[in-house]
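Produce the complete structure using the sequences and hints provided.
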Amino acid sequence: MGDGLEERIFVRPRKHFRRTYSTREVGIGAVLLVGLAAVAGWVAWRGAHPDPELSSAVPLEHRAPGNVDRGPLPAGLAPAGWREQRLGVFDPGNLYEKIDGREGYYKSFGFQRLHALTLVPPAGEPTVDIELYDLGSAQNALGAAAGEIPATASPALRDGTLSLVDRNTLYLARGKYYLRAIGSAESPAVREVLETLGRRFATALPAAALPFSYALFVPCGVSPGKVSYLAENAFSFGFARGVHLGQLPDGDTELFAVVTGNPAEARALAARFNQAFAEYGKPAGGAGGVAWAEDRYLARISGAGATGRLVLGVHSAADVQTARGLHEKLVTRAASIPDSALVTVAAPPRQEE
Amino acid sequence: MDEAEHARLSRRQVLRQVAGVAAGAAAAGVLAWRLRDPTGERGKPAQPELSLPAGGYAVEASSVLPALGVATGQSVDAMVRGAVDAIGGMARFVSRGDVVVIKPNVAFERAAALGATTNPEVVRALVLLVREAGAREVRVADNPIESPEACFVRSGVQRAAVEAGATVYLPSPRDFRTLAVPGATWIVRWPFFHRPFLGATKVIGVSPVKDHNLCRASMTTKNWYGLLGGRRNQFHQDIHGIIADLALMMRPSLVLLDGTRVLFRSGPTGGSLSDVRPGNTVVSSTDSLAADAFGWHELLDRPSEPLPAYFEKAAARGLGNPDWKAQHVKRVQVG
Amino acid sequence: MASTLVIPGWEKHPPKRNKDGSPWWARTFRITRVRIASQVFFFSLFLFLLWCTWFSRLGGYPVSLFLEVDPLVGVATAISTHTVYRWLWRGLFVLVPTLLLGRAFCNWMCPYGTLHQFVGWVFNIWTNKNNIDRNRYRPAYQIKYLILAVFLVMASLGSLQIGLLDPICLLVRTLTTAVAPASDLAHLNLAAALRERLGMDPAPLLFLSSAPGASEQRIFRGAWFVGLLIVGLVGMNLVIPRFFCRVLCPLGAFLGVLARFAPFRIKRDLTKCTDCNACLRRCEGASDPQAALRKSECFVCFNCIDDCPEDALSFGLGPLEFKDFMVGEPRKGTATLFGKPVISKIPETVKSAPAVPRRRWAFAVLGGVLAYPFLRLSAAVNKRGFSAKAIRPPGSVEESEFLERCIKCDQCIRVCPTNVLQPSTLAEGGLEGLWTPVMNFSIGFCQLNCTLCSEVCPTGAIQKTSLARKLGVGEHAPKGPISVGTAFFDRGRCLPWAMETPCVVCEEVCPVTPKAIGTYEETITRWDGTKVTLKKPYMRPELCIGCGICEHECPVLDSPAVYVTAVGETRSQDRSLLLETSRKTKEKT
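Residue numbers (my numbering), protein chains in the order written: chain A, 52 to 404; chain B, 15 to 349; chain C, 8 to 596.
The hints are simulated quantities; they were obtained by calculation from the structure and are not laboratory data. Just to be clear, a hint being listed does not mean it is correct.
Derived pair list, reagent style PhoX-like, types lysine-lysine, alpha-carbon separation capped at 25 Å [said to hold, decoys possible]:
{"no.": "1", "chain 1": "C", "residue 1": "K339", "chain 2": "C", "residue 2": "K279"}
{"no.": "2", "chain 1": "C", "residue 1": "K330", "chain 2": "C", "residue 2": "K352"}
{"no.": "3", "chain 1": "B", "residue 1": "K327", "chain 2": "C", "residue 2": "K538"}
{"no.": "4", "chain 1": "A", "residue 1": "K66", "chain 2": "C", "residue 2": "K274"}
In structure tokens form, the structure reads like this:
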């Protein structure tokens, strides 16, 4: 050991004694540093993707299925092997959390509560989303259903239940409830689940008397899905409030009915309708107490007459003959409806968004 | 070095040493004299006391404007605005440059829909309204029962307040100072969450409408509970007296009663949606007793039951008038 | 080099070169510098993740990452439970490189190792000559292997004790219960002083807070001991460098056992080495690079390469012992290796296995076999005689399973927002349960909507628990909520029951709905003749989840009039209280 070395080692602390360096070593170091950067990047990425449950501001009852309050949902909806998920209850105050943008539609039908649920098969796909709306009255439930059922489909009306399975969707209205179940795919399996659900809800939900308009219009050839109700401004007439409508399969002709307080009121209102129809065209002859009018542009026949405290009318029929025939049918049907059933449930005020 | 030289040096050294010791002893004596504490009283830590401004943060009373503004509707934003406009508009309470403390009730780590905390949308609308009126700074503060961060996040108040441009003040151990409340029965001196109030010029309380197991109803007056620290768990021994003290402690510029939801049972914690019903109402007032009494009768819907005892106790001190029916109430229906 | 790029003055000032002709950056960015960068990086990452272990900072950060990549945690829990929980497979990220490169973890990643090295470096007052002596191997360095053997044998019997000394567990625990609260105390006082004396806004200082938004200073039982321990262990660096790493660390020992298989090692060129021992000056592992390298002790810090004046040391594939290829007698200076003269007088270059004699291994195994019954039969952790205050956080698995999993890292205690989780002292869990989490309701309470402890637990002692599971709603409704214990009233101390004074804070704060605390209303005439209506509280045990907020808020502070004990916890049928919950527990299992 020479003196020089001795000095280098023992006198100068905190220095290293290495004499040669290698660029390859620097290369390896650079690779390691890139590795560290990758670790840092991964940690940052993970950090930016938290588990939303940890700070969720949504109450657990909205997030978790099967809590105590299932409302009207019958227990055990899931077919064998399937699971229920995401049971949620929504009121007018938070409906937007479930149905963003379309809540106004349901609110216009007197929305009170929504129970929603997802059925998940063992494979995880396809799922079925169930939404059960409590709309306060049968009239609202049927109205909301009629508005969503596709124009081309014809639902069945049986034992107070309106139901239809169309493609991947079940529409069902019974009592004050409107049910919609949508499959995430259009498969036979989903269809089968939807059919089962339809049968299940048809018995599980409490029924309510159907609005008289169904007894009135359906025997006249109107599909149950085409019976509707307009709270105001029917046919763009400012005075036409509380109008029950039924659209015939030809897509143009509509039957309508309005309940008034007494026969005198009914006669006055019928006259008002006839007068208003005539303003759009010319008189087409009167018969059976109805002054028919032909529309100037469409050449369709419209008119209304009073039967008891009901105003019964036909709108946009092909010719006077048909119109008269339909009107007579309506009058006959109306005679079989007890006076006590002639109620128009006051529709709730339309919510302004 | 010869001997004489040596003696001279050592003499100098001795003198220097003696002088040094004498100076040190003198200094020690002076210091001991200045620090003397014969009874042991001086050594006790000083308790700095805090007082809120005389007259509190109240704005000038008005004989013309309604005492109570009640807005009902669906839109939270419109209700808050409608309620405040009904009693003169935010400009009456907040002027340009004000530093405003908003005190919501965020006592528990609960989702807003469970009704145990102030609706974050009400907080949001209120903060925006206050900022519109020209406030320089808006602070949202509460000292919850459960862990503060979690309460503010889970209730949604944190997000609403921050998005609307307010600063959230969470309590930390050094944020409490003893507050003097002269005339109080119980809380004459009590630890107070003072940091948000440094430099504050206006105070607005905004509380939900809640059932309460002990005092029967927790609304805008009980809401000030959340500004205190210390042994709050003793308050229940005379909860009505304490709430009357709270009314004395804090004279706010304005209170808002958030009746968008009503926790009508299982309060003050709730925990189930079935304990909550929609109220669709926001009430504003400068008189928290009037607002609370309105909430008791119309929102908690207990018209035939007598008001909880704290109303009378606070009213006897001239801190408000629970008889809202005798006063000018302006009701507005908004979108 | 053909280039159109002309840099003015290039010719006059060519880039600096080292004396050996290599470019300047080959010296500046040599491997020891990269190692320091790596240590700084991992130490910072460790602190950052611990800082993040808090409600408002948690995000999705893998806050228990260091505990998960600690292969001793993975292996020991695999031995005790025969399973590898959740993210513990990440231990492979350390295990595999160790099998290739040796104990690089110790000097490249381990934050505790970095702390020791840093302290040793800062307070090193020795001369180089002293340092060389201090870094020679000592027989005491075997102790860590014996500790490892004891711990692994105990793990195989069902008592996991590695956390007592595992460096990552130890550091997380120490920072959580001793250092972070101390730092909070300091900076909160500083912040208050800034605000009050100087009128400054101390808000930026909140960044330093380990528990922002907590309205009270966090306190931990037995923090003094944990604090004292780290001061002692770190202080030992002044006596023996890397004392903990060389003598005690069971993780180091485990990696050392693996390192014997590593094909890469520090190689000594016998034809260059002059036996000057300079390589020992900063040898972190005391691994004898100047002679037969102890692969199990080598931390792969590369300081020896930096310190070799003859460039005789290098790191590379070294499966062979060069001595066998030597011709001649090295001690007489006549030997040659592949035709070059051998200069070093020490022909051995590698020693693979830890230098622990077989009989000592046997002794350690025996020690482990004996230690298990000593600890386990100490009543504190059995189904009879357990402590009423050994209340485990919600989501904890049954006690004997818990002790197979808990590594005492105290991550759960760190993240607990209310400070209720406390490291167990000897009183609650005995020595076997030391530093495992228990709830102390005079300090905090278990917040209803919080499952953070189950989120951060790396080993599943507290199983990841969804809020729906904790509260027993939705699909978990048949099992009911998780209960960690049951509250009891001490009517002799309760204000309405015993002191004619209204109270029922307990009922107010009870978070379950319907409330687990009911009241009897009674109007009485007090001693002074005044009439008072009292609500006297009682428990509805089937609703109580043992969250302890009643105990925490009870104004009878020191020994509350309502208090929770462990009985009735749903995780264990042995400790159930009601027939009803007993049935539910059975269904669960």
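Going through the hints against the structure:
A C-alpha spacing of about 16 Å is found between K339 of chain C and K279 of chain C, which places the hinted pair at or below 25 Å, so the restraint holds. Taking the CA atoms of K330 of chain C and K352 of chain C, the gap is about 11 Å. The hint holds against a cut of 25 Å. With a C-alpha separation of about 18 Å, the suggested pairing of K327 of chain B with K538 of chain C holds against the 25 Å cut-off. At most 25 Å may separate the alpha-carbon atoms for a hinted pair to count; K66 of chain A and K274 of chain C meet this at roughly 22 Å.
Of the numbered hints listed earlier, not one is contradicted by the structure.
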